[in-house]
Amino acid sequence: MSEVKLLGTQSSFPCARIIWALKLKEVEYEFIEEDLFNKSPLLLKMNPVYKKVPVLIHIDKPVVESLVILEYIDETWKHNPLLPEDPYERATARFWAKFVDEKCVLSAWEAVKSEGENKKKAIETAQEMFEHLEKQIAGKKYFGGEKIGYLDLVIGWTSLWLNAMEEVGGMKLLVPEKFPSLSEWTQNFIRVPAIQDSLPPLENVVNYFQVGLNYLRSLSANKS
Amino acid sequence: MASCVQLLGASPSPYVNRVQMALKLKSIEYELIEENPHIKSERLLKANPVLKKIPVLIHDGEPICESLLIVQYIDDAWNNGPSLLPSDAQDAYLARFWALYIDDKNVDFQWYPLYKELREAPTEEARKEVLDKIFEGLVLLEKAFLKCSKGKQFFGGDNIGYLDIALGCYMGWLKVIEEMTSIKFLDRSKTPGLAEWAEKFCSHDTFKEVVPETQKLVEIFKMVQGRGKPASG
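Heads up: the protein sequence lines correspond to chains A and B, in order. Throughout the first sequence, residue numbering follows our numbering, covering 1 to 224 in sequence. Throughout the second sequence, residue numbering follows our numbering, covering 1 to 233 in sequence.
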């Protein structure tokens with residue numbers, strides 16, 4: 001009976017963040033794959049408010065929302081710290097994590113979904129968001145400094161998952177000429193052993209986003 | 001050398017109030033620099049170039065943005081007074097999770113912005129729908145209160161903590177909305193724990209000395225409605 005369980009899906013990057021964190025902390029866990037179109041009673045019981053993955057279950061108690069789960073993991077297993085020790089650096093890491101989830105991810109997805117003239121504008125908006133990340137990583141190997149940390153895990157989706165989004169959306173966001181430091185960081189990131197060993201196949205993630213996009217399009221077709 | 005703490009903000013903003021409450025609980029002296037949230041000053045744009053919003057805490061020249069992150073920063077950076085976040089990881093998780101829920105911008109889960117929707121509801125049916133959602137949210141928060149408080153008077157236990165601040169900052173504006181709609185949102189018959197908590201919180205100096213009085217907020221609200229701009233930042 002595992003003390004630590006993770007409800008998730010292989011292709012979801014918020015779930016990947018948690019897998020990476022558990023691996024970096026050398027915590028053993030049982031992964032339970034969820035079908036998001038047919039949510040299990042366990043998922044609905046453990047996350048009644050949002051009904052989403054990832055859900056970390058530690059000694060039968062649920063912990064949800066990936067950024068909050070990362071903080072919980074860091075506080076529960078104290079070796080190999082993910083967040084910086086210095087209060088100002090911690091606040092800065094948390095700020096950028098929030099920015100990534102509220103602005104970067106959403107704007108990238110908007111660029112995937114949009115068509116025509118709107119797509120061009122959406123790509124520009126998304127790239128403006130990435131410029132901030134480019135500035136933050138310039139001159140550093142990782143966002144966490146010499147070793148990967150909390151913010152690297154949060155921005156990790158810009159490696160494989162962004163490639164998948166670009167393929168599904170028929171566009172390029174992370175252009176190496178525009179974002180040389182961020183592009184280099186994605187390559188350094190996926191070479192970290194704990195990360196490399198846990199990357200899902202690209203075609204699975206492409207499929208995952210394509211299914212998601214088709215679903216959203218069908219919802220708006222039904223509304224109009 | 002004493003540290004220099006400045007807060008860029010505006011006193012009617014519940015997000016600014018959060019930071020003021022945290023500073024007060026930790027007995028930290030600071031200078032409040034009034035900013036007009038609708039006319040962004042050079043100073044604000046320099047301190048928060050990415051999001052261009054208040055509040056911004058400036059500690060010895062370094063800016064920290066986003067109200068809940070600032071509260072966590074204050075807890076991390078100053079050891080005086082009780083911790084704002086619980087020391088137990090599971091309790092800290094609950095505090096963070098519910099604070100996130102309270103601030104959720106996802107349209108399916110918004111709680112506080114529903115009050116604006118309530119005011120703007122075009123029909124009685126639409127109004128009832130919004131009211132139902134608001135009370136659903138309050139019932140969830142009642143459960144959260146019972147879990148987090150563990151029988152004590154605040155979400156943080158004996159002392160006001162992170163989640164008390166996260167929710168409590170809205171109590172001033174909630175009273176304004178109650179006055180304008182004649183609806184009692186924190187109803188003892190529906191959410192007794194929350195109703196009792198609100199009474200205790202609002203009589204505490206942390207609230208009384210930070211949040212402007214209801215009548216002042218009503219005046220501000222009417223003035224802003226007259227200008228056709230959103231009420232709080």
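Simulated from the structure, these hints should not be mistaken for lab results. Treat the numbers as computed from the prediction; the structure is a model and nothing was measured. Where hints are given, some of them may not hold.
Among the chain B residues that face chain A by a calculated CB cut under 7 Å, a handful are [unchecked claim]:
{"#": "1", "residue": "Ile58"}
{"#": "2", "residue": "Asp60"}
{"#": "3", "residue": "Glu62"}
{"#": "4", "residue": "Ile64"}
{"#": "5", "residue": "Tyr73"}
{"#": "6", "residue": "Ala77"}
{"#": "7", "residue": "Gln90"}
{"#": "8", "residue": "Phe154"}
All C-beta atoms, glycine included, are put in the ideal place defined by N, C-alpha and C.
Verification of the supplied hints:
Taking 7 Å as the C-beta cut-off, the interface hint given for B/Ile58 is violated, the closest approach to chain A being about 11 Å. About 9 Å separates the beta-carbon of B/Asp60 from the nearest beta-carbon of chain A, more than 7 Å, and the hint is not met. Interface hint at B/Glu62: satisfied, since its Cβ lies 6 Å from the closest Cβ of chain A, which is below the 7 Å cut-off. Contact between B/Ile64 and chain A, as hinted, is supported at the beta carbon level, the nearest pair being about 5 Å apart and thus within 7 Å.
The criterion of a C-beta within 7 Å of any C-beta in chain A is met by B/Tyr73, whose closest approach is roughly 4 Å, and the hint holds. A hinted interface residue such as B/Ala77 counts as satisfied when its beta carbon comes closer than 7 Å to some beta carbon of chain A; here the least separation is about 4 Å, so the hint holds. Given hint, B/Gln90 at the interface with chain A, holds; its Cβ is 6 Å from that chain's nearest Cβ, closer than 7 Å. With its C-beta approaching chain A no nearer than about 21 Å, B/Phe154 sits outside the 7 Å limit, and its interface hint is violated.
Going through the hint list in order, the structure does not satisfy hints 1, 2 and 8.
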